[in-house]
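Let's have the full structure, built from the sequences with the hints guiding it.
The primary structure of each chain is shown beneath.
There are 2 protein chains.
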Amino acid sequence: MRIGYQGIEGAYSEAAIYQHYGKNVKAVGYDTFEEVFEAVKKGKVDLGCLPFENTIAGSVVMNYDLLLKQDVFIIAEVFFKISHSLLSHKGNKLKNIKVAYSHPHSLEQCRKFLKKHKIKAVPEYDTAGAAKIVKERNKKEEAAIASELCAEIYGLDIIKKGIESNKYNTTKFFAFVKKDKVPNGLKKEKTSIAFKAKHYSGSLVNCLQRLSKNGINMTKLESRPIPENPWEYVFYVDFIGSIDDENVKLALNEMGTTATFIKILGSYPKGRKEQ
Amino acid sequence: MRIGYQGIEGAYSEAAIYQHYGKNVKAVGYDTFEEVFEAVKKGKVDLGCLPFENTIAGSVVMNYDLLLKQDVFIIAEVFFKISHSLLSHKGNKLKNIKVAYSHPHSLEQCRKFLKKHKIKAVPEYDTAGAAKIVKERNKKEEAAIASELCAEIYGLDIIKKGIESNKYNTTKFFAFVKKDKVPNGLKKEKTSIAFKAKHYSGSLVNCLQRLSKNGINMTKLESRPIPENPWEYVFYVDFIGSIDDENVKLALNEMGTTATFIKILGSYPKGRKEQ
Numbered sequence: 000m001r002i003g004y005q006g007i008e009g010a011y012s013e014a015a016i017y018q019h020y021g022k023n024v025k026a027v028g029y030d031t032f033e034e035v036f037e038a039v040k041k042g043k044v045d046l047g048c049l050p051f052e053n054t055i056a057g058s059v060v061m062n063y064d065l066l067l068k069q070d071v072f073i074i075a076e077v078f079f080k081i082s083h084s085l086l087s088h089k090g091n092k093l094k095n096i097k098v099a100y101s102h103p104h105s106l107e108q109c110r111k112f113l114k115k116h117k118i119k120a121v122p123e124y125d126t127a128g129a130a131k132i133v134k135e136r137n138k139k140e141e142a143a144i145a146s147e148l149c150a151e152i153y154g155l156d157i158i159k160k161g162i163e164s165n166k167y168n169t170t171k172f173f174a175f176v177k178k179d180k181v182p183n184g185l186k187k188e189k190t191s192i193a194f195k196a197k198h199y200s201g202s203l204v205n206c207l208q209r210l211s212k213n214g215i216n217m218t219k220l221e222s223r224p225i226p227e228n229p230w231e232y233v234f235y236v237d238f239i240g241s242i243d244d245e246n247v248k249l250a251l252n253e254m255g256t257t258a259t260f261i262k263i264l265g266s267y268p269k270g271r272k273e274q
Numbered sequence: 000m001r002i003g004y005q006g007i008e009g010a011y012s013e014a015a016i017y018q019h020y021g022k023n024v025k026a027v028g029y030d031t032f033e034e035v036f037e038a039v040k041k042g043k044v045d046l047g048c049l050p051f052e053n054t055i056a057g058s059v060v061m062n063y064d065l066l067l068k069q070d071v072f073i074i075a076e077v078f079f080k081i082s083h084s085l086l087s088h089k090g091n092k093l094k095n096i097k098v099a100y101s102h103p104h105s106l107e108q109c110r111k112f113l114k115k116h117k118i119k120a121v122p123e124y125d126t127a128g129a130a131k132i133v134k135e136r137n138k139k140e141e142a143a144i145a146s147e148l149c150a151e152i153y154g155l156d157i158i159k160k161g162i163e164s165n166k167y168n169t170t171k172f173f174a175f176v177k178k179d180k181v182p183n184g185l186k187k188e189k190t191s192i193a194f195k196a197k198h199y200s201g202s203l204v205n206c207l208q209r210l211s212k213n214g215i216n217m218t219k220l221e222s223r224p225i226p227e228n229p230w231e232y233v234f235y236v237d238f239i240g241s242i243d244d245e246n247v248k249l250a251l252n253e254m255g256t257t258a259t260f261i262k263i264l265g266s267y268p269k270g271r272k273e274q
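Taken in order, these protein sequences are the chains called A and B. Numbering of the first sequence is given in numbering that gives the first Met the number 0, commencing with residue 0 and proceeding in unit increments. Numbering of the second sequence is given in numbering that gives the first Met the number 0, commencing with residue 0 and proceeding in unit increments.
Watch out, some of these pointers could steer you wrong.
Heads up, the list lumps identical chains together, so a pair's fine if it works in one copy or across two of them.
Here are the simulated DSSO-like cross-link-like pairs (lysine-lysine), alpha carbons at most 30 Å apart as the crow flies [stated by the list, open to error]:
{"#": "1", "residue 1": "Lys43", "residue 2": "Lys160"}
{"#": "2", "residue 1": "Lys219", "residue 2": "Lys248"}
{"#": "3", "residue 1": "Lys40", "residue 2": "Lys114"}
{"#": "4", "residue 1": "Lys134", "residue 2": "Lys117"}
{"#": "5", "residue 1": "Lys111", "residue 2": "Lys43"}
{"#": "6", "residue 1": "Lys119", "residue 2": "Lys160"}
{"#": "7", "residue 1": "Lys195", "residue 2": "Lys212"}
{"#": "8", "residue 1": "Lys212", "residue 2": "Lys262"}
{"#": "9", "residue 1": "Lys43", "residue 2": "Lys115"}
{"#": "10", "residue 1": "Lys117", "residue 2": "Lys41"}
{"#": "11", "residue 1": "Lys262", "residue 2": "Lys166"}
{"#": "12", "residue 1": "Lys115", "residue 2": "Lys41"}
{"#": "13", "residue 1": "Lys114", "residue 2": "Lys41"}
{"#": "14", "residue 1": "Lys40", "residue 2": "Lys89"}
{"#": "15", "residue 1": "Lys166", "residue 2": "Lys40"}
{"#": "16", "residue 1": "Lys43", "residue 2": "Lys119"}
In short, the hints are calculated from the structure, not lab data.
Here is the structure:
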């Protein structure tokens with residue numbers, strides 16, 4: 000099985016894929032989120048796996064925007080705990096390290112650790128890229144902040160694990176396939192939809208009421224401005240239930256009268272959260 | 000009047016302050032969002048002005064989290080159109096430029112322009128910091144992607160304006176004061192609240208229904224996991240109306256029975272959107 004993700008080897012997305020699908024899959028890295036959607040549509044990969052929500056940073060809105068436009072179907076949600084490691088050369092010691100390279104967000108999350116050890120933070124495009132640079136430059140005083148997987152891939156040592164301040168840093172990924180490639184017998188426990196309420200007062204509440212009246216429990220509700228129409232909103236809802244359930248079909252049917260459109264984004268097994 | 004923002008001189012936040020309050024205010028830059036809240040609480044500045052939503056990147060969730068914890072009150076919403084300029088040394092020409100420094104998001108937004116002109120993108124912490132570095136290094140082949148304001152502040156030329164691909168890039172800022180410093184006679188046209196629905200099926204819809212039943216029109220609805228309690232959500236709602244309106248008071252009062260808490264974040268004049 001070939002699975003597309005955004006990033007280079009050792010990205011947290013790649014680690015999430017191995018956690019969920021095991022090490023026997025082929026993870027294929029692409030430069031951009033768009034390219035992962037393209038690869039899925041053109042059959043270059045069997046499925047795509049992209050981040051959609053993070054407990055610290057919120058929703059990855061760019062991926063929600065893409066999901067709305069593309070003909071794909073979510074078949075899994077994958078929760079992955081992000082924990083940052085300080086990586087440097089084999090045998091190196093913490094006391095030698097003066098500079099750490101990483102993505103600005105990761106540097107920010109490890110700010111206290113860096114301050115305590117008087118390590119200068121230097122921004123890079125991504126965490127795995129930082130690990131690669133540190134390896135290539137081969138300087139004793141340099142380190143990267145990246146995944147444990149990067150240590151393995153780039154031949155670096157883990158100098159210190161879990162150096163982030165906020166331990167509740169989990170990313171939710173969605174794995175998605177081309178619409179005609181949804182596997183048979185897929186366990187559908189949760190469903191994700193997008194919709195736009197009609198333009199009258201109370202229409203959003205009417206839409207949501209169709210769900211609650213039919214006994215459907217929402218687990219996420221997010222509003223997102225339409226990129227070409229800023230400050231007009233599309234709503235993204237996750238709820239418990241399968242698109243094959245009678246009450247779900249009924250609710251979505253009823254919503255049709257108060258929404259200008261409804262798009263089913265996927266129906267998939269409930270992901271396992273590890274905190 | 001002293002107004003706190005996050006960033007260094009020339010940040011887009013500073014430009015937004017001048018657009019809204021004019022050039023006669025004193026804009027004071029702080030390293031972090033937290034420090035801006037602190038400065039407001041301690042009276043070091045009269046008000047804070049921070050980004051809360053961007054048409055491309057979505058909500059600045061960290062600031063929503065802070066807003067929930069702090070005793071401040073929103074007194075204005077400010078819309079500011081983000082447009083990136085390529086800045087370099089006085090008299091320099093586009094054809095000389097080989098390298099551009101900026102924040103990874105800005106580099107991403109100008110990717111097409113950079114590709115077309117064969118300019119290498121190099122990540123920096125922030126756009127204004129990139130302008131500062133370019134000025135200091137004083138190399139003919141180097142440029143920064145930053146605000147027009149940065150050209151003025153750091154003594155650089157605007158080589159090219161509006162180099163971003165997506166022209167719908169607007170940030171919404173909230174200006175907020177200490178709770179006991181809300182100005183008299185403030186025109187309250189919109190209100191922002193945060194609430195948590197009780198833990199039973201349909202409770203969120205019940206909360207929202209209290210608004211629509213009382214004729215209140217929502218303009219934004221956002222769910223946000225509670226940082227220490229991931230995957231449990233706080234909802235943020237903006238609506239048309241003043242906290243002094245009778246129907247708003249009634250609605251919030253009624254919501255009290257289906258919400259575990261409601262916090263009024265502010266009530267303020269409607270901001271002017273320029274697209």
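Results of checking the hints against the structure:
Taking the closest pair of Cα atoms, Lys43 and Lys160 never come within 30 Å of each other, the shortest separation being 35 Å inside a single copy and 38 Å across copies. Taking the closest pair of Cα atoms, Lys219 and Lys248 come within 30 Å of each other both inside a single copy (19 Å) and across two copies (27 Å). For the homomeric pair Lys40 and Lys114, the shortest alpha-carbon distance between copies (25 Å) is at most 30 Å, but the shortest distance inside one copy (45 Å) is not. In the homo-oligomer, the alpha carbons of Lys134 and Lys117 lie at most 30 Å apart both inside one protomer (21 Å) and across protomers (27 Å), since each shortest distance falls under that limit.
Taking identical chains as interchangeable, the C-alpha atoms of Lys111 and Lys43 lie at most 30 Å apart only when they sit on different chains, with a minimum of 25 Å there against 42 Å within one chain. Only within a single protomer do Lys119 and Lys160 lie at most 30 Å apart by alpha-carbon distance; the minimum there is 18 Å, versus 33 Å between protomers. In this assembly of identical chains, the alpha carbons of Lys195 and Lys212 lie at most 30 Å apart whether taken from the same copy (19 Å) or from different copies (20 Å). For the identical chains of this complex, Lys212 and Lys262 are neighbours both inside a copy (20 Å) and across copies (27 Å), given an alpha-carbon limit of 30 Å.
Within a single copy, Lys43 and Lys115 get their C-alpha atoms only as close as 46 Å, which misses the 30 Å cut-off; across copies the closest is 27 Å, which meets it. For the homomeric pair Lys117 and Lys41, the shortest alpha-carbon distance between copies (29 Å) is at most 30 Å, but the shortest distance inside one copy (48 Å) is not. Only between protomers do Lys262 and Lys166 lie at most 30 Å apart by alpha-carbon distance; the minimum there is 27 Å, versus 35 Å within a single protomer. Taking the shortest Cα distances, Lys115 and Lys41 sit within 30 Å of each other only across copies (27 Å), while inside one copy they are farther apart (49 Å).
Taking the shortest alpha-carbon separations for Lys114 and Lys41, only the inter-copy value of 25 Å comes in at or below 30 Å, while the best intra-copy value is 47 Å. In the homo-oligomer, the alpha carbons of Lys40 and Lys89 never lie at most 30 Å apart, since the shortest distance is 42 Å inside one protomer and 48 Å across protomers. In this homomeric assembly, Lys166 and Lys40 come within 30 Å of each other (Cα to Cα) only across copies, at 28 Å, whereas the closest approach inside a single copy is 36 Å. Proximity of Lys43 and Lys119 under a CA criterion of 30 Å is satisfied inter-copy only: 29 Å between copies versus 41 Å inside one chain copy.
Of the numbered hints given earlier, the model fails hints 1 and 14; all others are met.
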